[in-house]
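Could you fit the two chains together into a complex? Lean on the hints.
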Amino acid sequence: MRIEKLFIDGFGHFAQSEFGPFNAPITIFYGENEAGKSTILAFIRTILFGFPTRGRDEFYPALRGGRHGGHIVIVDDDGTRYSIERFAAARGGNLSVKDEEGNSYGETKLRELVGHSSKELFENVFAFGLDELQEMKSLDNEEVQGRIYSAGLGVTDLPKVVREIERLQGGIYRPGGNLGSTQSVAQVLSELEEVEAELSIHYQDAPRYAELIDRIEQTKDEIGTLQENRTDINGNLDHQRKLLTVRDDLMEIGILEDKLLKLPQTFQFPQEGVSRLESLLEQVAKLEEVELQAAASVEKLQEVVASPLAEGDLLEDSANIRKAMSERARLSAAVQDLPERQSEANQQEVEVNRFLKDLGPGWDPARLEAFDVSLPSRDKVNQEKKKASEIRQSLTNRQTEKESAEREMQTASEVVKRAALELEQAGPSDYDEAELAKRRGAITVARNGLARISESNQRRSGLGAAGTNGSGVNSGMLLLVSSLILFIVGIGLLAWGIGGDGGNPAVTIAILSLAVGLGLAVLRFLSKLPLVSSVPVDGLESEMAELESDLSDARKILGLPSLDFTKLGVLGEELEASSQKLVKIQNLERTHRDALLDLDRRSQDLERATAVVADLDAEVAQAEQAWKAWLKGRDLVETMSLDGVLDLFTRVETARVSLSNKLERQGRVSAIEQDIVEISELVAPLAMNHGISIDIELPTTLIPAIDELSNRLESARLALSTLEANRASLTESEERLEQERRRLEVVRSDLKELMLLVGTEDAEEFRRLGSIDHEIQSCRNDLDGHATAIRLLFGPAADQEALREDIGGRSSLALEESIDETQRSLAEVEENRDGLRKELTLAERELAELGASDEASELMARRETLVEELSELGSQWSKYSLALEMLQKARDRHEKDRQPQVIQSASEFFRSVTGGRYQGLRAPAGESVINAVTDAGVERKSSQLSRGTKEQMYLAIRFGLVREFSQHMTSLPVIVDDALVNSDPRRARAASEGFANVAETNQVLVFTCHPALVELFQKATKDAEVYNLESLTQH
Amino acid sequence: MPTYRFVHAADLHLDSPFKGLKRVAPRIAEVLRKSTFDAFDAVIDLCIIEEVDALLVAGDVFDSADRSLAAQLRFVDGLRKLETAGIQSFVCHGNHDPLDAWQSQVSFPDSCYRFGSTVTSSELRPGDPKSPLVYGYSYPTREVRENVIPEFEKVIQAGRFSIGLLHANVGADTGHESYAPCTLEDLNRLPIRYWALGHVHTRQEINLTNGLAVYPGNTQGRHANETGERGVYLVTISENGEIGGSFRPVDIVRWDQIDLDIADFDGIDSFEREIDRQIDAALERSDGRNLVYRVHLSGRGPLHSLVKQEEYLGELATMLNDDRSGRDPFAYCDRVSANTRQEINREDLLEREDFTGDLLRFFDDSRGNEGVTRELQESLNQLYQHRRLRKFISNRLPQGDELAALMDEAESLCLDLLIGEGIDEN
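Chains as they are written, first to last, in the numbering used here: chain A, 1 to 1035; chain B, 1 to 426.
This is chain B alone, in the form it adopts within the complex (with noise of 0.2 Å):
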C-alpha cells in the first residue's frame, strides 16, 4: 500500500461569533471576526502545503442556528481553492450544520464528497484500488440522539484501510451535548482504523485496539474556556498501514485566563507587576498569535478593598489594554473578575449569635439546599424571564457552579457592607 496523508477538521464554525466578549476596539473586532475564517484558510493553506490527499472535515462547519450565508460560500470557496491543487475533500455534517440548514444552491466542487445521511463510503485517492475508504454520515437535522455506529457497521467492508467520519460524542463528554452518542466499546468492535471525529472542541487522543480516534478540536477557540492551541491533526498512513497523526495549530486569535490569589500580594505595584509577568508568559505561549485573556483574581488579603470596586476592575482592565491591545500581535484583556474576601476570619463570624452570625449560617444552609436555590432562581427569573429580556438571556439563569459563586459574591458583599469598612453613601 503506498502512503497516504490528509488533514482531519472539526467544529469550524465559520462566521461565528465569539462568546462572552464585552464591547472590544473595531480593530481588535475585526480580527475576532474574521478569525474563524482565517483560521479555516489556515486549514487550506496547510492541506496545499503539506500536499495531501485529502482534507476531512468533521462536521460543525458553520451554526445554522447563525444562518450566516458568508459560512457556507466561503466554505465552498475552501474547498474549490483545494480541487485546484488537486486535493479531495470529505465532508460530514454535525448537530450545528445538518443537510437541512445548508443553503441547496451552495455547489460544492466535483472533488468534495459529502456525507448523507446513510453511511457511504469513498475512495481516499480516487481511482486507486488501494486507497483506504472514508466511511461518513451526516446529521440530517439536528436532533440526532441515536447511536450511528450499527449504520457504519452494516456497510463496513473487509480488506480495505478504513477511516470513519462522524460528528458524533464518544463515551458521553459531559461538556457537551449528546449527539450521535456511542461509546469506546463501539468504535472499537468496527475495523476502522482511524475515526476522525468531530464535536468535542478540546483535542483528545484516544487509542483504539487497532487504531486510534481523534478529536481535533476546533480551529478557532471563541469564548474563554477555550484556551490553549486551536488546530487539526495532519495525518499519515505509511505502507504498512501505521498511522502516524500530528496536531497543527491554525487558530488565529488565543484565549488565556489568568488567575491570581490576592493573598500573594501586600501592595498594588507588585500586583499589577505579576498581571503584567503573566501576559507575557501567555503571550509566549501564544506563538505570536493575538490574545485574548481573563484575568481573575480570588482569595482574601489586603487587597479586596480595592479589587471589590467595579471601578477599579474596570479600570484595571482598561489600563491593560492602553498598553497591549494596540500592539500587533495584540493582547486583550476580555475582563478582569474578583471573587476576594475581606481578611477576616469566616469561622469566627459563623460562631456570632448576631444577624451576621445567623446570615453566614443562612448562606451555609442555603448552599445545596435545592428548596432555596429554586426559591433563590425564582427571583432571580424576574429580571431573566423579563418579556423583553428572555429571548437573550433566559438560558443563562445562574445555576449550578455559576449560582454557587454568585452566592459567594452575594455574601462577600454583604460581608463587606455588614461589618466592613461601611457604606460609601456617595
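Chain A on its own, in the form it takes in the complex (with noise of 0.2 Å):
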C-alpha cells in the first residue's frame, strides 16, 4: 500500500492543503521546525487509525478552518485506488471508505487495506522516530531486545505487560523459591497447616472412643469382681463380729444345760401355778370382804324404806295447789293495782260531770253522745260563715262605691258652674275665624306689595347709571366662594372617610358638604341670571301697575285710608290680639261643655249603686232567717252566732272524749275485781283443807297462803321420790349380794381345784413345789434367751454346733485380732475399687465429651475453607500462569516463525549499513537474543557493540521486521520523523541506502528540517521527491 495524496480539510494549522501525488519511492518533507511536518505524520495516522478517543477536539484543532479531518488517496497492492475520509467524531471519528468507482467501504476494509496493523503495530515497526533512537541509549541490552521484539510484536510493551502478570502471580506463589510470608498462598498454607495438625489429633477421636467404651467395660468388670470380693470380706467380717458378740451366749447355754440336768426331769406344775394361787387367795380375801359389805347395806334399807312419807295428803291437791301457784302472780298484780284504778275512774267522773255542766242546762251524757258535730254539720256551719262574711264585705264595698259617687257628682257640679261663670266673664269675640285669615292676607300683600313698588323704583332709577347690581353681585361672590369651599372640604372629607380613618360620619358629612356645595353653586346660578339677563324698562312699569291694584285691594279690606308700613304695623298687633282672644273663649266653651258630660255620668253611677246596696240588703236579711231555723232544729238558742256554734262543737267533742275515758277506766275496774274473786275461790278451800288461815275478805292474806301451800307441796314431793330411790337400792344392794355370794364360791372351787392339780391342799405346799418349777423354767427361759441372740444375728437354722466349731476354742481377743486383720483386707479392696470408680468416671466424662465435642467439626469446617481458600488462590495464579505461559509460547512462536525472516532481513541491512565490517545478525535458536557477525565471522552480543553499531543493529532489525511484515501482509509506508540526525555522515549514509533499499518494496516518507539529509536521501535514491513544507504553507 501507498499513499498517493493527502487533503487536508482542518488539521493544526493546516486548512484546504493537498500534498501529492507522492510517485517516488521516497517522499521527502523538508521544512524548518513547525513547517508542520508533525502534522502532517499525525494526519495519517489519524485518517488511517482514527481519532485519539480522549481529547479528540484538542487532537491537531483546524486552526485556521476547515473541517476537522480531511482524506487520504491510498493504492493499494493491486493497484486500486480508495479514498480513506475521516472527521473528527466519536468511536475515532466518521470514516468514509471508497474507491473509484465510488462503492463505499467500512472500518473492515480500512483494516484490511492496512493489513489488520493495529495502531502500535504502525507507530513501532513502520514509524522511525528520533526520540526512539536516542532513548535506546539509556535501555541496556535486554531491553533494548524487548523493545525490538515489542516492536516486532505490534504491542505497547510486552515486557512490561509480563512483568504485570509475574507481579500478579507472584504475590500468590513464586514458583521455585521457597513459599515466603509475602506469597498469599504461604499465608493459608501456614493456617490450613495448623489447623491439619489440630485436626490430626481428632482423628484419634474415634479409636479413642472405641478404647474407652472398652476400657469403661472392663474398668466395670474389674470394679464387679472387686465387689464380689468386697462382699466377701464384709460377709466374713460380719461372721466373725458375730461370732464374737455370740461367743459368751454360747458358753452360757452350756452352764444352763448342765444345771437343767441335775434338776427333776419329770416334774408336772400347772403354768403360772404360784402366782394363780396367790391370785385366787387375795380374791377369796377380798370377796368375802364385799359379800359382809353388802348385807350390812341391805339392811339399813330396808330400815329406811319402812319408815311412812310425811305431807303425803298434800301430794292429792298437788293439781289446784299449781293452779293457785299459777294464779299467784295475777292475784298480786290485782291487788297491787285495783286502788289506783279506781281512783282514777273516779277522777274522770268528776270531769264529765263539769264538762257537762259547762255546755249548760239540758245537757246529760245521752245528749251528748247523740249530738251531731259530724265534719257536714260543721262544714254547713262554715260555708254559712264565709257566706256571711262575703255578703258582709260586698255590701261595705258597695256603701263605699256609693258614697264616692256622690262626692264625684258633688265636684262635677262645681266644675260647671265655675266654667259658666268664666265663660260669661270672657264676654264675645271681635272677629269670627274667617275674617280674621281675610284681614291677615291683605296686610301681608300690603306690606310684599308696598316692598316690591319700593324696590322697583331703585332699580328703575339705577339702570341708567351703574347697570350692576353691587349686592347682587356680592351675595354672588359669597355663594360661589361658599360653594367652593364646601366643595373642597366635601371632597377633603370624602377622601379622609373613604381612604383613611374618618369612617362613616366624615362620608356623610363629604356628601352633605358636596350638596350644600352643589346647592349653592345652583342658587348662584340662578341668583345670577336675572343679573345677567337684565328687565327692561319697560317691564318694570307693568309690574308697578298690577301692584297697585293689589294695594288698592288690601286697603279696601283692611279699612284704611291710605297704606304704609306703620299703618300696616299697629294694625297686624291689633289683628293679633283678636285672634288670641278668640281662642280663649273656644277654650272656656270647650271646657264648660265637658263639664257638663262630667256631671251627667256622675249622675248615673249614684242611682246604680244605691241600687246594689238595696240588693245587699235584703240578702242579709234573708240568710239570717235562715240561720234562725237551723239553730232552732238544733235546739240551741237563736242568737248564737255563727262562731258561738263552732265552740259549742268543740266543748261537745272534748267532753265525750272525757265520758269515753270514764268508762273506760271504770271497765278496768271491774275486771280486776273479777279477777281477784276468781282467785280467792280456788285458794280459799285449800287453805283451810290443809289448815292455813286467811281472811276471805282481805285478798292480800290469799299470797302467803298459796306461798305456803306452795313450799309444803315441794317438801312432800321430795320425800317422795326419795322413798323411791331407796326401795331401787334396796332391790339393787339385795342382787349384788347374791352375786358377790356366787362368785366367792366359784374362786373358793377353783382355788381347790388348782392345788388338787398338784396333789395337795395346803397352799404352803403348793408354793414349795412352785418354787422348784420356778427354777427350771428359769433356767429354760436364760436358754432360750441366748438361743434367740445367737437365731437374731445367725437366722433360725443357726447351727450351735458349729458356731462352736467356728470359734474353736478362741478367746474374744483372739477373735478381735482376726477381725481387725479382715477389717484390713477389706479396706483394700475398697480402695482399689474406688480407685477403679474414679478411673471409670474420667473415662466416661471423656467419653462424652468426645461425643459431645463440636471442636473436631468445627476444624474441618475451617480446613475445607482454607482448602478452598486455596484452591482459589491456585485457579487465580493458573490463570496468571497460564496468561504468562501463553504469552511466552506465543512469543516463542511469533519468534521462530516470524524472526529467521526478520533476522535474515536485517542482516542483509545490517552489512549493507556497516559497509561490510559485519557479514550479518545472529538470532541463536532458544535464546531471546541478537548477536552481530564481524566479517570475521566473529559473533558479538549487542552489549559489545559501540552504540553507533548497536543504533545500526536496531535499525537494520526495524528494516527487518518491515520487510517481514511486508511480506505477510500488505507493503505500509515507511515514516522517517528527523532520524538518523545524530549518526556520523559515513553511518547516515549507509542508513539512508538502507531506507532506499526499503523503499523498493515499501514508500518511504521522510520528514526532516535538515538540508544533508535531504542530500543524503536524494543521493541514495535518485527518484526521491522534495516536498518544501514552507514553500507550501506559504501557499
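Since the hints were made in silico from the structure, they are not lab data. Treat the hints loosely; a few may be bogus.
Chain B side only, calculated, beta carbon under 7 Å to chain A, not exhaustive [stated by the list, open to error]: (1) 17; (2) 21; (3) 22; (4) 66; (5) 350; (6) 352; (7) 353; (8) 358; (9) 376; (10) 392; (11) 409; (12) 417.
Stretch by stretch, here's where chain B covers chain A in the computed footprint (C-beta under 8 Å, at least three residues) [to be verified]: (13) 178–190; (14) 855–862.
Using 30 Å as the maximum straight-line C-alpha spacing, the simulated DSBU-like pairs for lysine-lysine come out as follows [what the hints assert, rightly or not]: (15) 119(A) with 98(A); (16) 81(B) with 220(A); (17) 308(B) with 889(A); (18) 37(A) with 119(A); (19) 889(A) with 119(A); (20) 37(A) with 1019(A); (21) 950(A) with 1022(A).
Every residue, glycine too, gets a C-beta built ideally from N, C-alpha and C.
Below you can see the structure in the form of C-alpha cells.
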C-alpha cells in the first residue's frame, strides 16, 4: 500500500491543503521546525487509525478553519485506489472508505487495507523517530531487545505486560523458590497446616472413643469383681463379729444345760401355778369382805324403806295447788293495781260532770252522745260563716262606691258652675275666624306690594347709571366662594372617609358638604341669571301697575284710607290680640261642655250604686232568717252566732272524749275485781283443808297462803322421790349380795381345783413345789434367750455346734484380732474399687466430651474453607501462569515463525549499513538475544557493540521487521521523522541507503529539517521527491 | 395387605463440611456446620409426625474420610429417638461409610436393622406376615466396584412385596463415581417394587416396569453445585400394593447460583439492582430457608473494566453480605466470579498479523490440543505438586472445563493488558 495524496480539510495549521501525488519511492518533506512535519505525520496516522478516544477536539484542532479532518488517497498492492476520509467524531471519527468507482466500504475494509495492522504496530514498526533512537541509549541490552521484539510484536510494551502478570502471579506464589510470607498461598497454607495438625489430633477421636468404651467395660468388670470380693470379705467380717458377739451366749448355754440336768426331769406343775394360787387366795379374801358390806347395806335400806311418808295428803291436791301457784302473780298484780284504777275512774267521772255543766242545762251524757258534730255539720256552719262574711264585705264595698259617686257628682257640679262663670266673664269675640284670615292676608299683600314698589323704583333709577347691582354681585360671589369651599371640604372629607380613618361620619358630612356646595352653586347660578339678563324698563312699569291694584284691594279690606308700613304694623298687632281672645273663648266653651257631660255621668253612677246596696241588704236579712231556723232545729238558742256554734262543737267533742275515758276506766276496775274473786274461790278451800288461815275479805292474805301451800307441796314431793330411790337401792343391793356370794363360791372352787393339780390342799406345799418349777423354767428361759440372741445374728437355722467349731476355743481377744485383720483386707479391696471408679468416671466423662465435642467439626469446616481458599488462589495463580505461559509460547512461536526471516532481512541491512564490517546478525536458537557477526565471523553480543553500531543494528532489525511484515500482510509506508540526525555522515549515508533499499518494497516518507539529510536521501535514491513545506504553507 | 409407610433418605453425609466455601462469619459458619445434623433431625421429626413404619437410609450416613465421631453418635441418637416412637429403621452403608469405617462400639438400637455385606432381608413391620420385605446390602469396604444385583437375585422371595435398599450408581451416572454399578435392566429384572437408592445427590425418580426406583438426593446440599431443594421421599404402599411417593424437603441451608451477562447492563446501578432482585427471587425459592449463593458474571460489556478487578468483586460480595447475611434467614454470598471480556471483536483481532493476532491464534490452537494442555498442566503442577501444597490441592489441578475456563480468563487478562486500558503500575 502506498499513500498517493493527502487532502487536509482542517488539521493543525493546515486548511484545505493538498499534498501529492507521491509517486517516488522516497518522498522527503523538508521544512524548518514548526513547518508542519509532525502535523502531516499525525494527519496520516489519524486518517488511517482514527482520532484519539479522549481529547480529540484538542488533537491538532483546525486552527485555520475547515472541517477537522480530511482524506487520503491510497493505492493498494493491486493498484486500486481508495479514498479514506475521516472527520473528528466519537469512536475515532466518522470514517468513509470509497474506491474509484464510488463504492463505499467500512472499517473492515480499512483494516484490510492496512494489513490488519494496529496503530501500535504501525507506530512501532513503520515509524522511525529521533526520540526512539535517542531513548535507546539509556536502556540496557536486554531492554533494547525487548523493545525490538515488542516493536515486532505490535504491542505497546510486552515486557511491561509480562512484568505485571508476574507481579500478580508472584503475589500468590512464586515458582522455584521457598514460600515467602508475602505470598498469599503461604499465608493460607500455614494456617491450613495448623488446622490440619489440630485436626489430626481429632482423627484419634473415634479410636479413642472405641478404646474408652473398651476401657469402661473392662473397668466396670474389674469393679464388679472387687465388689464381689468386698462382699465376701464383708460377709466374713460380719460372721466373725457375730461370733464374737455370741461367744458368751454359747458358753452360758453350756452351763445352763448342765444345771437343768440336775433338776427333776419329769416334774409337772401348772402354768403360772404360784401366781395363780396367790391371785385366787387374794380374790377369796376380797370377795368375803364385799359380801359382808353388801349384807349390811341391805339391812340399812330395809329400815329406811319401812318408815312413813310426811305431808302425803298434800300430794292429792297437787293439781289445784299448782293452779293456785300459777295464779299467784295475777292475784298479786290485781291486788296491787286495784286502788289506783279505782281512783282514776273516780277522777274521770268528776271531769265528765264538769264538762256537762259547762255545756249548760239540758246536757246529759245521752244528749252528748247524740249531738251531731259531724264533719258535714261543721262544714255547713263554716259555709254559712263564709257566705255571711262575703255578703257583708260586698255590702261594705257597694256602700263605699255609693259614697264616692256622691262626692264626684258634687265636684262635677262645681266645675260646671265655675266654667259658666268664666265664659260669662270673657265676653264676646272681636272677629270670627274667617274675618281674621281675610284681614291677615290683606296685611301680607300690602306689605309685599309696598316692598316691591320700593324696589322697582330703585331699579328703575339704577338702570341708567351703573347698570349693575352691587349687592347682587356680592351675594353671588359669596355663594360661589361658599360653594367652592364646601366642595373642597366635601371632597377632602370624602377622601378621608373612604381612604383614611374618617369612617362613615366623615363620608356623610362630605356628601352633605358637597350637596350644600352644589346647592349654593346652583343658587348662585340661578341668582345670577336675572343679573345677566336684566329686566327691561318697560317690563317694570307694567309690574308697578299690577302692584298698585293689589294694594288698593288690601286697603279696602283693612278699611284704611292709605297704606304704609306703620299703619300696617299697628293693624297687624291688633289683629294678633283679637286672634288670641278668640282662641281663649273657644277653650272656655270647650271646658264648660266637658263639665256638663261629666256631671251627667256621675249622676248615673250614683243611681246604680244605690240600687246595688238595697239588693245586698235584702240578701243579709234572708240569710239571718235561715240561720235561726237551723239553730232551732238543733235545739239551740236563736241568738247563737256562727262562731258560738263552732265553739259549742269543740266543747261537745272534748266532753265526749272525757266521757269515753270514764267508761273505759270503770270497765278496767270491774275486770280486776272479777280476777280477785276467781282466785279467792280457788285458794280458800285449799287453805282451809291444809290448815292455813286466810281472810276471805282481804285478798292480800291469799298470797302468803299460796306460797305456803307451794312450799309444803314441794317438800312432800321430795320425800316421795327419796323413798322411791331407797326402794330401788334395796333391790339392787340384794341382787349384788347374791352375786358376790356366787362369785366367792366359784373362786373357792378354782382354788381347790388348782391345788389338787399337784395333789395337795395346802397352799404352802403348793408354793414350795412352785419354787422348784420356777427354777427349771428360769434355766429354760435363759437358754431360750441365748439361743434367740444367736438366732438373731445367725438366723433361725443357726447351728450352735457349728458355731462352737468356728470359734474353735478362741478367746474374745483372738476373735477381735481376726476381725481387725479382715477389716484391713476389706479396706484394701475398697480402695482398689474406688480407684477404679474414679478411672471409670474420668473415662465416661472423656467419652461424653468426645461425643459432644464440636471442635473436630469446626476444624473440618475451617480446613475445608482454607483448602477452598488455597484452591481459589490456585485458580487465580493458574490464570496468571497460563497467561504468562501462553504469552511466552506465543512469543516463542512468533519469534520462531517470523524471526528467521526478520533476522535474515536484518542481516542484509546490517551488512549494508556497516559497510561490510559486519557480515550480518544471528539469533541463537532458544535464546532471546541477537548477536552481531563481524566480517571475520566473530559473534558479538549487543553489549559489546559501540552505540552507533548498536543503533545500526536496531535500524537493521527494524528494516527486517518491515520486510517481514510487508511480506505477510501489506507493505505499509515507512515514515522517518528526523531520524539519523545524530549519526555520523558515514553511518547516516549507510542508513539512507538502507532506507533506499526498503523503498524498493515500501513507500518511504521522510520528514526532516536538515538539508544534509535531504541531500543524503536524494543521493541514495535518485527518484526521491522533495516537498518544501515552508513553500507549501506559504501558499 | 394393609397400608405401609416409610421415609426414604440417603446421603446424609453427617458432619461433612461445606465444600468450596470461603471464610464466613462465625454465626453463619455455625449454621452451616450444624446443617447436616439439623437436616437429619428434620428427617427424624418427619418420621415421627407422619407416624411411618420405618426410616430407610440408603448409605453414606457420614464421610469416613472425615473420621467424625459426632456423626456416628448423632446418627445413632436419631435412630434411638425413632425407636422410642415405635419406628423401625433400616440402614445400608455406602462407599463413604462402609462397614469397616464404623466404630464397633457405636451401638445401634434394637429397632434398627443394619444390612451386612451379604444381601439379607427383614420385615418392614416386624411380626406382620403381610409386611413388605426390605432387602439390602452394605459395602464392607469403600471400594465396591462390582454389580451387586445378582446377590439380591439369589435371595429374593417371590410373593411378598419387596423393597430394595442399595447405595449404587444406576445407569453409569458420570457425575458420580461408579460404585456398585448396575443398569436399569438389572433393576427391572428383579421383582423388587421399590428401589430405595442412594449415592446420586440429585433427586431422581426412575419408573420401572413394575415399580419405582428413587434417588431422593442428599438431605443437605453441601456445595455450589448442589443447588435447589434437598430432602427425602415419603413413600406409601397402599392396600392394593400401589406405590405413592412424595418428596419432602428437609434442608436447612439452600444453595443457589445467580448468573448475569454484563452485556445487559450499561451502568453499575442497574447491574447491582438486578443482583438484588435475583437474590430476592432466590430467597423466595428457598422458602424461608437460609441461602448461600454465588454470583457469576459473563459476557462482554462496558462493565468489564470494573468487574475484571478482583477488588471490586470482593467489595461487591462484602456489600451484599453486609446487607443480608445478618438477617434471619440469611442470604450469604459465597463469591462473585467473573469471566467477562472487553467490548472488542475477537474476530477482528484474530485477523491481525501482529503478536496479538498470533497470541489469539495460539490460544485457539492450544484449546483442545492435548499436548499443549498437558504442557500447561505440567507448568501448573509447580503449584499443585508443591511438596507442602499437594496434600491439599493436588486433586484440584485444573482440567477439562475448569482449565478451559481458566484459559478464557487468561486470554481475557492478556487482551486487557495488551490492548486494553493499559497497566496500572500502582
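Here is what the structure says about each hint:
1. Annotation: residue 17(B) was flagged as interfacial toward chain A, and the flag holds, the nearest CB pair being 4 Å apart, inside 7 Å.
2. At its closest, the beta carbon of residue 21(B) sits 6 Å from a beta carbon of chain A; the interface hint therefore holds under the 7 Å criterion.
3. A hinted interface residue such as residue 22(B) counts as satisfied when its beta carbon comes closer than 7 Å to some beta carbon of chain A; here the least separation is about 6 Å, so the hint holds.
4. Annotation: interface hint on residue 66(B) holds; nearest CB of chain A at approximately 6 Å, less than 7 Å.
5. Among the interface hints, the one on residue 350(B) is violated; its C-beta lies about 9 Å from the nearest C-beta in chain A, farther than the 7 Å criterion.
6. Interface restraint check for residue 352(B): the shortest CB-CB distance to chain A comes to about 4 Å, inside 7 Å, so the restraint holds.
7. The restraint placing residue 353(B) at the interface with chain A holds, with a minimum CB-CB distance near 5 Å, inside the 7 Å limit.
8. Satisfaction of the interface hint for residue 358(B) is found here, the shortest Cβ-Cβ separation to chain A being roughly 5 Å, below the 7 Å cut-off.
9. For residue 376(B), the interface hint holds, since its Cβ comes within 7 Å of a Cβ in chain A; the closest pair sits about 6 Å apart.
10. The interface hint given for residue 392(B) is met, as the beta carbon of that residue sits about 5 Å from the closest beta carbon of chain A, less than 7 Å.
11. Nearest Cβ of chain A to the Cβ of residue 409(B): about 5 Å, under the 7 Å cut. The hint holds.
12. Hint status for residue 417(B) relative to chain A: holds, with the closest Cβ pair at about 4 Å, below 7 Å.
13. A count of 3 residues in the stretch 178–190 of chain A with a Cβ less than 8 Å from any Cβ of chain B is obtained; the coverage claim is therefore met, three being the minimum.
14. As drawn, the stretch 855–862 of chain A meets chain B at 5 residues by the rule of a beta-carbon pair under 8 Å; at three or more, the given contact holds.
15. Distance hint between residue 119(A) and residue 98(A) is fulfilled; the C-alpha atoms sit about 21 Å from each other, no more than 30 Å.
16. Restraint check for residue 81(B) and residue 220(A): satisfied, since their Cα atoms lie roughly 27 Å apart, inside the 30 Å limit.
17. With a C-alpha separation of about 24 Å, the suggested pairing of residue 308(B) with residue 889(A) holds against the 30 Å cut-off.
18. Restraint check for residue 37(A) and residue 119(A): satisfied, since their Cα atoms lie roughly 19 Å apart, inside the 30 Å limit.
19. Only pairs whose Cα atoms come within 30 Å are accepted, and residue 889(A) paired with residue 119(A) is accepted, the gap being roughly 24 Å.
20. At roughly 22 Å between alpha-carbon atoms, residue 37(A) and residue 1019(A) fall within 30 Å of each other, so this suggested pair holds.
21. Taking the CA atoms of residue 950(A) and residue 1022(A), the gap is about 28 Å. The hint holds against a cut of 30 Å.
Checked against the numbered hints above, the structure violates only hint 5.
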